Amino acid sequence: WNEPEKTAEAIDAARWMHTGDLATMDADGYLNIVGRIKDMVIPAPGFDPAATLKAVQEEKCTSLYGVPTMFIAELGLPDFADYDLSSLRTGIMAGSPCPVEVMKRVINEMGMAEVTICYGMTETSPVSTQTLADDDLDRRTSTVGTVHPHIEVKVVDPETGLTVPRGEPGEFCTRGYSVMLGYWHEPEKTAEAIDAARWMHTGDLATMDADGYLNIVGRIKDMVIRGGENVYPREIEEFLYTHPDIVDAQVIGVPDERYGEELMAWIQLREGAQEVTAASLKEYCAGKLAHYKVPRYVKIVTEFPMTVTGKVRKVEMREASVSELGLENAASVRTS
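Position in the sequence shown (first residue = 1) + 106 = this note's numbering.
There may be inaccurate statements among the hints.
To be verified - The calculated SDA-like cross-link candidates involving lysine to any residue, where the alpha carbons are at most 25 Å apart (straight line), are:
#: 1; residue 1: Lys-399; residue 2: Glu-425
#: 2; residue 1: Lys-417; residue 2: Phe-345
#: 3; residue 1: Lys-394; residue 2: Glu-344
#: 4; residue 1: Lys-260; residue 2: Ser-284
#: 5; residue 1: Lys-327; residue 2: Tyr-365
#: 6; residue 1: Lys-210; residue 2: Ser-248
#: 7; residue 1: Lys-405; residue 2: Ile-331
#: 8; residue 1: Lys-388; residue 2: Val-404
#: 9; residue 1: Lys-405; residue 2: Arg-419
#: 10; residue 1: Lys-417; residue 2: Gly-182
#: 11; residue 1: Lys-166; residue 2: Leu-181
#: 12; residue 1: Lys-405; residue 2: Gln-380
#: 13; residue 1: Lys-210; residue 2: Gly-273
#: 14; residue 1: Lys-394; residue 2: Glu-335
#: 15; residue 1: Lys-327; residue 2: Arg-304
#: 16; residue 1: Lys-417; residue 2: Val-400
#: 17; residue 1: Lys-417; residue 2: Asp-351
#: 18; residue 1: Lys-420; residue 2: Glu-430
#: 19; residue 1: Lys-166; residue 2: Asp-188
#: 20; residue 1: Lys-405; residue 2: Ser-429
#: 21; residue 1: Lys-388; residue 2: Val-407
#: 22; residue 1: Lys-295; residue 2: Met-329
#: 23; residue 1: Lys-399; residue 2: Tyr-347
#: 24; residue 1: Lys-327; residue 2: Glu-344
#: 25; residue 1: Lys-327; residue 2: Gly-273
#: 26; residue 1: Lys-394; residue 2: Val-206
#: 27; residue 1: Lys-166; residue 2: Gly-217
#: 28; residue 1: Lys-420; residue 2: His-307
#: 29; residue 1: Lys-327; residue 2: Glu-434
#: 30; residue 1: Lys-399; residue 2: Ser-429
#: 31; residue 1: Lys-327; residue 2: Val-206
#: 32; residue 1: Lys-160; residue 2: Arg-195
#: 33; residue 1: Lys-260; residue 2: Pro-271
#: 34; residue 1: Lys-388; residue 2: Arg-424
#: 35; residue 1: Lys-420; residue 2: Ala-384
#: 36; residue 1: Lys-394; residue 2: Phe-345
#: 37; residue 1: Lys-394; residue 2: Ala-379
Please keep in mind that the hints were generated in silico from the structure rather than gathered at the bench. All figures in this text were calculated on a predicted structure; none of them were measured in a lab.
Make a model of the complete structure from these sequences and hints.
As structure tokens, then:
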């Protein structure tokens with residue numbers, strides 16, 4: 107908010123529906139204490155998309171927080187159009203990579219014209235970068251914004267530790283007052299995450315443009331190396347969101363004796379959608395994705411394995427896929 111009078115009026119009547127973690131709820135509470143704001147935070151014992159939208163409707167919430175999978179579930183409700191969400195104006199999507207198409211739907215269909223994206227982690231208290239409500243639509247939907255005040259960020263080559271040129275992918279690192287002191291009684295783990303200069307190595311791959319806007323490409327550990335080519339699952343997931351029959355998609359790497367790894371897409375379909383097969387998906391991707399980025403395997407699911415905070419467990423997906431596809435032999439191949 108850039109207009110003081112608008113801020114005061116809006117916050118005075120604010121009701122926030124929050125389905126995220128306790129760290130962010132603590133931050134909401136501090137706003138009440140420090141700013142003496144007459145604000146109501148409505149915590150939920152667990153996430154239920156219908157219950158969330160019902161609370162927004164009944165309490166006239168102006169702000170809605172959540173991870174992308176939560177917004178996808180809300181938008182996917184059969185009776186979504188029946189909820190009165192006209193009170194919504196803003197909110198935050200964070201916790202995992204935010205699909206561009208989902209952000210656009212949240213803005214257009216949920217009326218959250220001032221929604222922003224945050225990036226951070228528990229170890230960084232938790233937010234390091236954020237978009238602004240008055241950023242242009244492209245930056246608000248496709249980046250995680252710019253760095254917060256009094257915090258430093260850089261993007262480095264994971265192998266050399268040297269800062270990479272603007273626009274090149276590398277590991278996102280942050281330093282400043284927000285970075286934790288360390289993991290409790292785990293000095294070795296702390297040393298792996300925080301270097302001698304107090305840079306927090308997040309394990310996330312990012313790019314930074316000329317204006318300082320950051321884009322999260324994916325997790326280093328999620329990157330797939332297929333036949334010597336580095337493949338970032340998020341790029342493929344973003345493309346799959348444009349498929350008319352796909353409501354959500356997660357892409358993982360599975361072992362392959364020939365290429366080292368192959369791509370597999372776990373897909374949730376829209377209600378009443380046409381069947382999506384590996385062959386039909388390959389046809390949809392033809393000419394739009396490089397051939398080595400097209401998933402070889404497709405699995406249709408109704409849900410993904412999740413953490414309690416709504417983050418997808420890709421390790422579990424990979425383990426299940428190796429077993430279902432009979433790839434144990436490929437998984438046992440040792441490499442240098």
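* Run the structure past the numbered hints and jot down the numbers of the failing ones, going up. => No hint contradicted; all consistent.
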